[in-house]
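Chemist: Chain by chain, the residues:
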Amino acid sequence: MVTFSDWLRARSDEQFVALLSRRGDLASPSPSTLLSLAARATSRASLLRAAAALDAAHLTVLESVAVLDALGEEATADRVVAAIAAPSAPGTQDPPPPDDAATVRALLEDLTTLALLWHPTPGTYRPAPGIEETLDAYPAGLGPALRPQDTRPDLALLDSPDAPAGARAILTALQWGPPVGRIPASTDSPTYTPTRWLLDHGFLRQVDAHHVTLPREVALDLRSGRTHQGLPPAPPLPIPTLTPETVDAESARAAQEIVRRVAQVISLWQTTPAPALRSGGLGVRELRRLAGQLDADEAATAVVVELALMAALIADDSGDPATFAPTDTADEWLAADLPTRWATLVAAWFASARAPWLVGTRDDRGALRSALEPELHRVWVPRLRSQVLRVAAQAPLAAVDAESVVAVLAWRTPRSVPPQAAVAALLHEAALLGVTGADALAAGGLLLAAAPPLTVLDDDAHRALADTLERTLPEPVDEVLLQGDLTGIVPGRPTPELEALLADAAEVESRGGAITVRFTAASVIRALDAGRTAEDLLADLARHSRSAIPQPLDYLVHDAARRHGQVRLGVAASYIRVDDPVLLAGLVEDPALSALGLFRLAPTVLASTAPASQLLTALRERGLAPAMEDAEGKVVHSDRLTPRVRVPGRRSRRASQHSRAVDGSPEHGTGGALRTDRLQALVARLREQHQLTQERRAQGAGSAGSLGGTGTPSEMGTPDPLVALGLLREAAADGHEVWLEVAGPTGALTRRRVRPLRIDAGRLRAVDVAREAELTVAVHRIAGVEPVADA
Amino acid sequence: MADGPLIVQSDKTLLLEVDHPQADAARRAIAPFAELERAPEHVHTYRLTPLGLWNARAAGHDAEQVVNVLLAFSRYSVPHALLVDVAETMSRYGRLQLSQHPVHGLVLTSTDRAVLAEVLKSKRTAGLVGERIDEDTVVVHPSERGHLKQVLLKLGWPAEDLAGYVDGEKHPIALSPTDPAHGDAPWELRPYQEQAVDGFWHGGSGVVVLPCGAGKTIVGAGAMARSATTTLILVTNTVSARQWRDELLRRTTLTEDEIGEYSGARKEVRPVTIATYQVLTTKRKGVYTHLELLDARDWGLVIYDEVHLLPAPIFRMTADLQARRRLGLTATLVREDGREDEVFSLIGPKRYDAPWKDIEAQGYIAPADCVEVRLTLPERDRMLYATAEPEDKYRLAACAPGKNQIVEQLVARHQGDPTLIIGQYIDQLEELADHLGAQIITGATSVRERQRLFDAFRTGEITTLVVSKVANFSIDLPEASVAIQVSGSFGSRQEEAQRLGRIMRPKADGRTAHFYAVVARDTVDQDFAAHRQRFLAEQGYAYRIVDADDLPVT
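These protein sequence lines map, in sequence, to chains A and B.
Its first residue numbered -12, the first sequence is counted upward by one per residue in my numbering.
Its first residue numbered 1419, the second sequence is counted upward by one per residue in my numbering.
No lab work stands behind these hints: they were computed from the structure.
Nothing here was measured: the structure is a model prediction, and the numbers come from that model.
Backbone N, C-alpha and C fix where the C-beta goes; we use that ideal spot for every residue, glycine too.
It cannot be assumed that every hint is accurate.
[As the list claims (entries may be wrong)] If you want a taste of the chain A side facing chain B, the calculated C-beta under 8 Å gives, among others: (1) Pro107; (2) Thr228; (3) Glu232; (4) Thr233; (5) Arg240; (6) Asp472; (7) Arg498; (8) Gly499.
[Unchecked claim] Straight-line alpha carbon distances no greater than 20 Å define the calculated SDA-like cross-link-like pairs of lysine to any residue that follow: (9) Lys1572(B) to Ser1509(B); (10) Lys621(A) to Ser600(A); (11) Lys1775(B) to Gln538(A); (12) Lys1539(B) to Val1525(B); (13) Lys621(A) to Pro598(A); (14) Lys1775(B) to Ser534(A).
Given the sequences, and given the hints that come with them, work out the whole structure.
Modeler: In structure tokens:
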């Protein structure tokens, strides 16, 4: 008989590497000793984490072993196979089909690799210490075991004549769990008598005034010694119905659209940055307005702005008042080609923990969550995103919906089933991004699914991503068909140059495989505003057009150019107005007055960039005797113009909480796949250290022999609380005794020999061997634990 | 797929590249289910609408065919969502059926109980249907057949109408083989007219869209000959009624005794009766007094001329005529009130539609040169305009005095050609008539005077005629070859098209017709003009724009 720690120590190097790579939390931060590794492997947190990663089949096997072990049965592989796998012919005791048996055996081995099961003796399995606490309240749908004073009832009684009718039916209903039933309230109920009879004969146990449970042993007898009805089958994946061309085309379409929309947000916000709420988000009205401008619904718009934020293309400028404006990365992004721009967005999305679908919902305090809010992230998002993509990757060319993904994930990790709404939202984002096309994973998505989760994509991955889009995009077209009704059609995807030209000079009427645009007076004026001249514009259009420019378009451009700039405006801070032009002679040209920034608007009007008061002083000094006038031309007294001091920003500036929001994602890489060589080095180091401890222990064996005494803390004890808990758990599982050092209320240490029973909710229950009394100790008061040397 | 003529957009428009070698094949393939929206020179735009798809279903096309056509002719991959939507939309048609039940008469049956439950639950169907016979069948009041169909269409579950048409009272009508107006020379239907008649007859009821001057009356005559039943023809006004009668006498075997006129002046009910919308919609003491005409005979065919003008009461009356074959005729099925859909649902789907330029290319309508003349207002008028109240601005701009001078120049340029000057405002027209020394026809002109002036115009006695909007429709001025529009009713697209239609009869010598729109620059007049021109521009009539100053002075 060995302990879990002994068994673990005896694992081969390869097995250690396998364990550490599968349970990353054991290797990072690196454990200092093998003992602490064993302790960590049995800590509640690590076990929960490991169990959360198990699929339904693994959990079934684990439960089965745990149940058998708890009943004191020897869980050999054959026993577990018999307990789980369905017999070949239903209702018989035939051995299960070899496939199922092999699967169960493989699962047993796999769980052993994970150190969730171990071999107390060769050929038998036992759950790692502490596993039982991580299982359901009713593992495998089984109730609590019989108490020592109970007798195990004989099932044959059920068939005896005095068994009331319906007794077996009640047991059958509870047999596969949940094992709790209600006692009929009325004695008239047809189930009342059988229930009472079952209680009297020990088939059921009353837990409170209204409920009964089916004891574990009885249930197992009813189940003919089996713990499960078979291995839960994996849910079916969606059936492929699409062609690769459709998926590619749809994904390329979405990719172009999302890049265009993000670019549109940048271009809108670079002229007028969007005001930020005091909480740091984008207000509902602002979002709605933007949705109107993008011609999208609010949910999609929220995704667009969030994507821009994830890719650090926009940010809260922390100004006063704070606004969202494009960042300097945005310029770089805008200059890149379409596939690169897309890859940037997708990569940012892949790594981000932001949760745009929460926009518009309310938080715990009832406040509306807004887009771009710093708090709008959830740590589990990147992991879930990877999981969703991986499920989709397994069903190539099939339209994947949230329901089927959740079904698969519910089988794969029954301990942590994601909310369907989040999965649906992630799939929706994937569709908007073109990571999926027609709801099936596209090439770019496959790439993401293959990437290790929770990593930031490197340049190669980035390029590969861009290439997937590059391959699916249709050839760009450098031609626009101009028509007499002032419309133009680009029969395909426009080249960037053509796209920029049309974006400047026309309104887009319809998008898709082709783009149709309409030239209007307003759109042409916009192009002129952007710095083009009528001749430039016509020449550019002519260069892209197969036919000559239609006369109406030509006329429109010239007509717009004629009207453009007829009204001029400029900036001035003050002006000088006279009736006699002579008075102004020499003012503009005088170098002494150059600080005033004077310029002539008309023979009798000068404007100045200096404030009126300064102008007034300067003109007085020149002896011109100026008088100040108001908007209606009335003379006002100059002393009224003393500038008032402005109290700077009443409202205290908001803490710059946004730097957090910009990359609101958590740290990456902690749980990522650790490189095997690193792990091997770690294992080697642990072994070496263990060797050292062993040697030290051998040397100090003489003095350590007096372990029975009280007082001095032993070197063999452990101050590491995690290791201490591990030792306690192990001892509890094996029924061994340990030396326990407990800090008393005054801080003085006492040392007792105890047999731990259970560690739960921060408390240790143990039996003090010397006093034969049970005691409960809060774990934070445990200063050390030391195994009792085998006598 | 790589190089088809069609580009399918996500917004359900189809772009057809006209110069593509496969363009014709693609056009024929998509015509049954896609609506032609614009037909300018290079790329024609079609649109997929639920109505169009349902009409295609009614005509026996299924979703698979539609999808295959799109895939076969598309240059790029067709948006997946659109294909799904097409299939979904088309599958909605025919879940409900209207049919004749041997015992209960007209009934609505369903192949999908949920759908029947849904539509019966709707408030809109209340009162249109009677008792429920069984789970799948409900009685329909025969008088509500049209109304119910319209409601079901709005609810998105169009009913397949299998109840058929009444045969109507037989009355032999045939097309006459010779044309008495051309010395009894033999004639026959033009190919597109033949196709239009076929399309209509095959579909049962519906609308035929043909450009002005392309012979819609003859399509009507052809339909009557095919039906060979008593026929009710509804037209816009009395002049138009007379023209219909003349044309029918000329093109068919009908005699004067067989054709009756039902108008303000005369109330004759004959095997073929021509009535005006106006008389039908006349109300006395809140009651339509002439409604009995609709039931006066067992009409086998009802023809609606110029359906784009169909007034609202006629819509309601038409709802009651669902058991009779209905033919709608128009050149421009665009309504500024957006009620095109009601025309389609009550009279029937579009059965034939030809781009104007196609007919022009075949030589059946005259080629037309459209010019917008822009007049720069003098300083004083600009000031007046800038400070005017918004509601006066259009009138002020449209009636700019400078237009007189331009009209004079244009008339002089086409000296000797029959020229129409069309406008909206009577004051302006009277001033123009004075200025040019020309005759004028307005709503106030008596029918006799109108006929006299039209006759004089036809014979070439007078070459210039100023007309108000009374001349917008259905006046037959065979040799008018120049039209000058000085003002219009705001941005009405169909008015512009109808006015162009006045000069589109093919000319004996193949001359090009000229259409001028005189517009005041930088005013709402210009904005409205741009909107008015949209229909024609979309039909491929590219307006040239010239400055008034560039017109040659004579």
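Chemist: Now tell me, hint by hint, if it's right for this structure.
Modeler: Now for the hints, and whether the structure bears them out:
1. Pro107: With a closest approach of 58 Å, the Pro107(A) hint is violated.
2. Thr228: The hint is violated - Thr228(A) has no Cβ within 8 Å of chain B, the shortest such distance being about 11 Å.
3. Glu232: Holds - the Cβ of Glu232(A) comes within 8 Å of chain B, reaching about 6 Å at its closest.
4. Thr233: OK, holds: Thr233(A) within 8 Å of chain B, min 5 Å.
5. Arg240: holds, 7 Å
6. Asp472: holds, 3 Å
7. Arg498: holds, 7 Å
8. Gly499: Result: holds, 3 Å to nearest chain B Cβ.
9. Lys1572(B) to Ser1509(B): holds, 16 Å
10. Lys621(A) to Ser600(A): holds, 17 Å
11. Lys1775(B) to Gln538(A): At roughly 18 Å apart (the allowed maximum being 20 Å), Gln538(A) and Lys1775(B) satisfy the hint.
12. Lys1539(B) to Val1525(B): Satisfied, since the Cα-Cα distance of roughly 17 Å is no more than 20 Å.
13. Lys621(A) to Pro598(A): holds, 19 Å
14. Lys1775(B) to Ser534(A): Cα-Cα ~19 Å, so holds.
The structure fails to meet hints 1 and 2 from the earlier list, while all remaining hints are met.
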